[in-house]
Structure formats: structure tokens, C-alpha cells
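There are 2 protein chains.
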Amino acid sequence: MFMIKHQNTIEKAVKANHERAFYSQYPEHPKAYGEDAAEQGRQRYEQLLNKPYKQLLQTGETGWAGEEVSPYTQEALGITYPLFTPDELVARATAAAPQWRNTTVDVRADILVETLESVKERFFDIAHATMHTTGQSYMMSFQASGPHANDRALEAIAMGYHEINRFPSSLVWEKPMGKTSLQLQKQFRAIPKGTGLVIGCSTFPVWNSLPGIYADLVTGNPVIVKPHPKAILPIAIAVNAIQQVLQEKGFSPNLCQLAADTSAAPITKQLCEHPGIRLIDYTGGSQFGNYVESLTGKTVFTEKAGVNSVILDSVTDIDAVMQNLAFSVSLYSGQMCTAPQNFFIPAQGVSTAGRQLTFDEVVQKFRDAVVALVTNPKMGAGTLGALQNDTTLQRAHNAGKLGAKMILEGQPVVNEEFAHVRGFTPAILEVNSTDNHIFEQELFGPVLLLIKTKDTEESIQLARQMAGKHGAITCAAYTTSPEVKEKITEAMNNVFTPVSFNFTGFIWVNQHAAFSDFHVTGGNPAGNASFTNPEFILRRFVWVGNREVTGS
Amino acid sequence: MFMIKHQNTIEKAVKANHERAFYSQYPEHPKAYGEDAAEQGRQRYEQLLNKPYKQLLQTGETGWAGEEVSPYTQEALGITYPLFTPDELVARATAAAPQWRNTTVDVRADILVETLESVKERFFDIAHATMHTTGQSYMMSFQASGPHANDRALEAIAMGYHEINRFPSSLVWEKPMGKTSLQLQKQFRAIPKGTGLVIGCSTFPVWNSLPGIYADLVTGNPVIVKPHPKAILPIAIAVNAIQQVLQEKGFSPNLCQLAADTSAAPITKQLCEHPGIRLIDYTGGSQFGNYVESLTGKTVFTEKAGVNSVILDSVTDIDAVMQNLAFSVSLYSGQMCTAPQNFFIPAQGVSTAGRQLTFDEVVQKFRDAVVALVTNPKMGAGTLGALQNDTTLQRAHNAGKLGAKMILEGQPVVNEEFAHVRGFTPAILEVNSTDNHIFEQELFGPVLLLIKTKDTEESIQLARQMAGKHGAITCAAYTTSPEVKEKITEAMNNVFTPVSFNFTGFIWVNQHAAFSDFHVTGGNPAGNASFTNPEFILRRFVWVGNREVTGS
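Respectively, the protein sequence lines represent chains B and Z.
Note that the first sequence covers residues 1 to 552 in the working numbering.
Note that the second sequence covers residues 553 to 1104 in the working numbering.
Everything labelled a hint here was simulated from the structure, so no lab data went into it.
Certain hints may be false.
[Stated by the list, open to error] Here are the simulated BS3-like cross-link-like pairs (lysine-lysine), alpha carbons at most 27 Å apart as the crow flies:
no.	chain 1	residue 1	chain 2	residue 2
1	B	Lys-175	Z	Lys-672
2	Z	Lys-850	B	Lys-269
3	Z	Lys-564	B	Lys-15
4	Z	Lys-603	B	Lys-298
5	Z	Lys-583	B	Lys-179
6	B	Lys-193	Z	Lys-1039
7	B	Lys-31	Z	Lys-727
8	Z	Lys-731	B	Lys-12
9	B	Lys-120	Z	Lys-727
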């Protein structure tokens, strides 16, 4: 009999999933983890540099490689990872599967929460690893790859636990037949679909991967974790923590394997098309995402790219709004899938509690708010972080060539701590509503488009059209009119895009809270999956019911 | 304020869905519906013959056509149905959608239960219509198209009601921030995906269509019902009942439209590929089903064909087993998607409570049991029913050409009531386990294959392989050994096929009970959907969460 240790944690998480009020298992304040935790994590991170990462409980590698470079120092981390063939990875997952599949979901969930507790012990190691692979600021690295990711993982565990316990595992079915009755012994089993593959991205290597990893595991499937070759370390540390707990509990560490590869010899497509892979979770660009979605005979969960809109109609306090938006667009230099890109502003301007502001005044206020934030010596560099890769930097550099009116030119970021940071402040461009060849594309990174529309009606129409055609994960809207609010809600919701209204103060459209906000709806081209709606769990297993006539 | 009338019915159904014990809202005994109901239904059915079916609340038809022929009399029913263009159908559905979408699921569920009550008033009309289009016996026609179909529909309504009420429609989210807190007003909306298309089959035109129709409607989507051109009347009567209630309640009858077509000018593909169709439910052959599954940008639910196996290992009472199996294979002449086709019997025979029976003795007992049933003047014709179409008849006629040893030749059915019935008794063939070119195909209708295997191990292996490769909806197994039972369970469940063990007496593998048995698992090539698991409902809408900063 397996002793269930984390029952209370699991049940609270199930309740939180359903109530959708504020809930968090892992505090987002670094100080909650003890005085010395941060420094110890930094030291452990530094000890990993410039050597092979030998901590994984995997054997049979064909070689070692690594190509991570810190966006802050632009120097190589010098870490190499073991390489495995797709066949080897799938064979090991297949061999590990039966014991896990035949373990109850209660025990699986309990062990998985224990793995999260183990990951928690490495939050600060992972924070530094995230910072120096993704370019996120230290605080974002800590929160996104640490407590926020763990909360999302717990959310998936809880949803799996709830769904698999939803129907009785066995019962006697008795049908009245006049004076007698007919009895059947019935058994309901949630049969796992098979080995999962989780394909990570270079900007959120932990936050975007843990939900798929835990969703696969809680439903009884082994998982192979394929990180982006430029951002392996953060998730390698998490996988290692998971493997250690699995082994301690008497299970094979091959239930959760790391599948590192290189830009020169990628193995992602081979893995995707391997007949032994039944489930795929993907985060990244739309082109590869569309390929993954097109694979037949696989159950696929995607989070791809979208173009997020802001609709400005009317506001109470324009300065509060502009400060909020300036922060949203500057945070991690627009490299969040939730960051706004297209700002729809009516030609006649925006009404405020005071007077009507002209279009140009609104533009000026937005420009000023961004400049004030990014040049703020205490806030600027920390908010912007670094650009993960050179493609994003070049895109920002070349914003002037898009053919739009330049409102604010981007500049190299001055970072006192990291003189060689790959950074660029946001470029702001103004276009007309007819310039859709410019704004109908994702300009990932620090490039913003202010689009002058005929009126709010046209703003809504364009934002809706963009979301329906190209996908959207968020939409921010500012209006003081209940009618306009209703119109925006209807229009955006009908292309399956959530709307955040009148955000000011310490809450930003980029943020999606675990246990409350569904992340990506799954209904538009930005992705087919959602963290964590029931479907994200249910499509990983199949209900099978056996029946038996007993003693008659 | 809408008065909810059927709250109690809905809540009991939700509870039944979760408990999965015996439950039924609509009694399966014809007598439960009153003394005169059967005769009145027959009269109403007869009044429909030989004239246009003008009862539908649809206008704008481009013509009238009908080609139904009774498998019992082989005479045309002479009924014509209005024909509509796909564009017209989709346009009307689209226009009807907003009012329904913006109605709460509580009200939608209530109205839908009311429609089932209205369908109930026509159970006997539908029974006769089913009998004379599908060839089912009168009793099966009544039960399958009447109470059993309505129970499945209620199951879908209840699952939709539960899922959409699962998360709060609105709440205040409050995040503690030290001494203060951050508040957001949140709203969660289940946004319907869009117009659904339900494609029916010729053998179970109501039972297989109601789940998709009600799943679409309860989740807020309009639905277009495309019946098989040879079996329109049963579902036309149901659609008519639904339309009348919708209209009475102030909604557009175009929320549920009948889309009749003809064999000469089919419109199914046009509808499937119409950009206005977002959801497709399909029941029928695998070839068209695979086409439906290949459509991109649509959410698709299929119930296709499979090859169902029986594994004979060891039994207590061979005669009880053979009687049970003889009935299973004879019921509606094997035209049920749940009917067994392939019987795997070890070469060394089958052990019983008495002695070990040789292979040939088992074959003989099975043959005898089938002959006894089909030649029984009270039971035979009623159990076999009629063959829906000539293709099935020809397949049975030509069973001798399959290249197998003929154990029992099929014969034309003698039916005292219907001299011209299209009927044929089961043909039984014996093959070896190497004859997979013969048994690896669905032989829809009254053709059975007895497959001589090396041992039960090989029987399991072949049954598993068949289900994995060609799909299976049921598997019957007979064994007195707990070890063998476990092996069969593991093998078949891992290809997502449920097993019915040791069925004797008044329960048959063909039967799947609403509120308890999931019909089709959705995990093997027999179909991707299941009546009614949560996924059958969830994939028809998208959760979208809106947030708002209020008063700060």
C-alpha cells in the first residue's frame, strides 16, 4: 500500500482549478524560499558551466553537445548534454511505460507532486539557467520558470487526478428485469495513449514545457522532453529532479527523458514522425506548429504565435493606462506570447475623464511612457531583459524598413550589470488601417504598431479579423462605455480571444494566472491547446469499460 | 426569467453519467407508453406514406425527392422530402445561431429535454419508420430509435450541462499583495464553435444521430442533420419534433435543420467542406469516415467500422455460451456495429465444466445453436429482421466464394408476416489463423468466421492485432481462468477495445447501455469519438475568460 503524502495539496489544487479564484501553491516571492536559497542556487548554476551535464539518469548516449550562449554576456555556457537517437529514446520510454500505466492515478499524482517539491529545491539554479539562455530578467526567470511553472504543473496534475477519478473504477450494474434483475460487474479504465513528446521553445523553456510533461505523466504516459538547442539547461535541471524522484519511488527514470539535440543535427521531426510517439506538445513558431498539427495518427497540443491587439476607445486616466501599456510592451522586450503588438487608436483620438485627446496626443503619451520606463535607470534594463537571439535583434534594428512612420526608434539597451547584453529598446511605428501588409504579421520582439483607425468600430473589426486569421492569445481593451465593452467582448470572444479590460496598476495583459486564467483558448490559429482546460488532459487517455457476468 | 421545468431530470442524468450504474429515463417496454400508443403510432406512420413530408418547419426548398424502400416489403415508401442547397442550410443556421448561443446552458438543456419529451410522443411513429427503412425488427426499431436513443440524447444534454456549469461564469479574483490586494472581475464563457453537421447511416438513423445533434445543441451550436438517403423518415420525425418545440419556446426551428439529399445528387461532401460547418459527426463506413477525419479546420467525431472478435478459451456451460453467441450474431443479421464477426477458437478446443470439447465439437455446437435460433418459428424472423440493402444481401450470398470451409450456408429468411422480406440467415465459415486475407476485413451483415488458432495466446494476439489495425467496438471473451482474463483485458484494452467476459443469459455483447457503457472508445480505427465521454462535449465549445479591472 502506497502512502499518499500530498493528498491535501492535490485536493486543494482540484478545488482551485474549479473555483478559479486566486490560488498558488508556490509563492512567487524569492524570499519565501529562505535567506540563502538564492545565493546557493547561483553557486550551483555556476558549477554547471563549462562541463558536461552528467546529472541525468539516462545512459546509452551517442555523443555530447551543447551550444547555449548567454544573451547577457554573449558568451557560451560551455555545457554539453548527452545525445540519444530517437529510436533509443522511444524504446526506453516504451520499456518504462507498463509499470507507470498500471499505477493508480492517486499514486502517480502523489509522486508527481513530490517531483515538484524536488524541482522547487532548484528554483534558483533554474532561474539563473533561464536568465542566461532566454534573456529574461532575473526576477522573471525566477518566477516564470519557478513558482509559476510549478503552479501550472500542479494544475495539470490536479486536472488529471480529477478526470481519472471522475468515473468509478469498478461497480456492479444491475438492471431490473421484472421480478428479477440482471447483474454485470463493470470496470472503467483510463488507458494512456502512449509515449508523449514535449517540444520546448527558447524563450520559456520551463513554463511552456511543464504543463505538457505533467499532463502526459499524470495520465500514465512516459514523456520525452525535446528542448530548444539554445535553451536546454533550465529544463534539464527540472527533468533531472523528476528522474531522481521517480527512481527513489521505484520507477524508471526513463519515464521522463531529456532529448537534447543541436541546430546542426536536429531530431525533432524524426521524433514527431516516430510511430512510437503518440502525443505531442509543441510551443514555438507557427510554421513548425502547423507541421506538427498536420501529422496524422498523433494527438497534438500546440501553442503557436499570434498577433495580440490593444483597442483604445475611451479611458478615465490616460497616464495610468499608458504606464500600464508601456510596461506590457517592454516586459522581456515583447518576447512573451501574451505581449501586445498592434494598438488600434481611432483617428479622432480617445476620450478621457478630462478632455478628448487627439490621436497625436495619444501617440505622444504612449511614446513618452515607453521612453520614461526604458530610460529609467532603476527599471529599464530589468524590465527589458535581453533578446534571446540575433534574429529578434535584427527585426528590431530593421523596424525602420517596414515602411511605416517612425514614432520612436529602438536603441541598444544600457545594462550596468551586463555591458555586452543583447538588448534593444522598443521601436514604435505608426501606420494606417489600410497598411495591413505591415500589421498582419507577427513582429516578435520590441516592435510596436500604432494603427490609426476610422473609429472604434473599425478597431474592433480589425482586431477581430487579425485574431481569426492569424491567432491571438490576448487582447487588451480600454473603454468606459458598457456598450463598446459588450461589442468588443462579443467580437473577440467569437474568435476565441479573451479580453482584458481597463488594466491599470499592478496587473498586465501579459500575465495569465495559474488555476484561474486559461492560457491560450485553443480556438484560434495561435494554438489548439489551453493550459489547463479539461481537454488538455482528456485527450491523453481513452476510457475503456470492461464488463463481466459473474456468478449466475 | 425562464422557468426551468426539467431541472430534476437533468440533475438525475448528470448523476447517472457519473455513477454509471443502471439508469434510464425512457422505459424500453412499449407498454410503458400506454395501451393505444403503439396502434396510434402505426396509423400516423401510414398516413405519412406516399406523399411529401411537409411537417418540417423549413422553407426555401429547391425541390422534393425521396427513395426509401422497405426491406420488409421491398416496396417504395413513396415519401418525398424538401431539398435545400448547402449554402441555404448554412446561412439559415448562421442566422439562427446568436440567440441560441446567448441563451444559458440551463435554459438550453431544459428546452432540449422538452424536445425529447416531444420525440417520445412519436416513438411508435419512429419505430415503424425505422423498421421500414433499416430492416430492424419492430421491437429493435422501437427500442433503438425510441427510448435508447432518447437516453443517449439525454446523456449528451447532461454532460453538456455539467461541463458548461463546471467553472464559474463570473467571479472576483483577488490576489493578496502584502497589505493590499489586487482585484479583477473575471468572466468565463463557453463559446460554441459554430454550426454542426450530423451525418447519419442507413442502419441506425436515430440512435447514431441523436447524440451528435444534442451535443451540438446543448453546447450552443446550430445543427444540420444529413440523413442517409435510404433512411430519412425516422430522423425527419425527430427533427420535426425538435423544431416544433424550439419554435414554441421562441427560437428559430433552423437551429436544427434536416438536409435530405438523394443517391444521385448527394450533398454530404459539399456540406462537410463548407467553411460555415465547424463540427461534423459521422456514422458510417470507414472510407468516407477517413475522408471526414482528414478535413482540416473542422472538429470531427466519427463512428466508423471495425471488426469485432470473440475469444473462446474456456467456459462453464458451453450451451449457455453458444445460445448467447447465436443470438448476438443473429440479432439484426449482424448489421450492428457491435456485432461479433471473428471467433477465435484454439485448435485443441475449449474446456468446459465437464470435459474438454474438441475444436470440431465447438464448431458444431455453434452451428447448431444458430440453426436452432434462426429456424425457430417464434424467434427466427424477428431476431434476424431484414437486410437494409442489397449489397449486404449479396455479400452474404457470396460468402461461399471467400475461399473458406463452409460450416453453415445462409438461406433466405422465411418471414410469415412479410413474404417479400430481404433476409438471409447467417453463413458460418471456418478458416485458419493464417487466412488473414479473409478475416482481416469487415464482412458487414450475416457472415461469421470461425478461426482455428494454435492456442488462446494466438487468439489474443490476432484479436488485438485486428482491433489495433482495423478497429473494434466490442470484444467478447470466454474464460474461466483469472490469468487468461487478465491477459485478454491488458491486450484488448491497450488497443482501446473493451472486453465483455462470459456473457450468457439475457445480456449480449452487442448492447451498450446509456449512462453506463461508453459506446466506441475513440481510441482505435473504429472511430475517434465515444458516446458520451466528456471529450464528446468539450470539443464543441471553447473556454474564453475575460478580465476587468473595476473601481480602483
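Now for the hints, and whether the structure bears them out:
no. : hint                   : verdict
1   : B:Lys-175 - Z:Lys-672  : holds (22 Å)
2   : Z:Lys-850 - B:Lys-269  : holds (25 Å)
3   : Z:Lys-564 - B:Lys-15   : holds (23 Å)
4   : Z:Lys-603 - B:Lys-298  : violated (49 Å)
5   : Z:Lys-583 - B:Lys-179  : holds (17 Å)
6   : B:Lys-193 - Z:Lys-1039 : holds (19 Å)
7   : B:Lys-31 - Z:Lys-727   : holds (18 Å)
8   : Z:Lys-731 - B:Lys-12   : holds (24 Å)
9   : B:Lys-120 - Z:Lys-727  : holds (22 Å)
Of the numbered hints stated above, the single one contradicted by the structure is hint 4.
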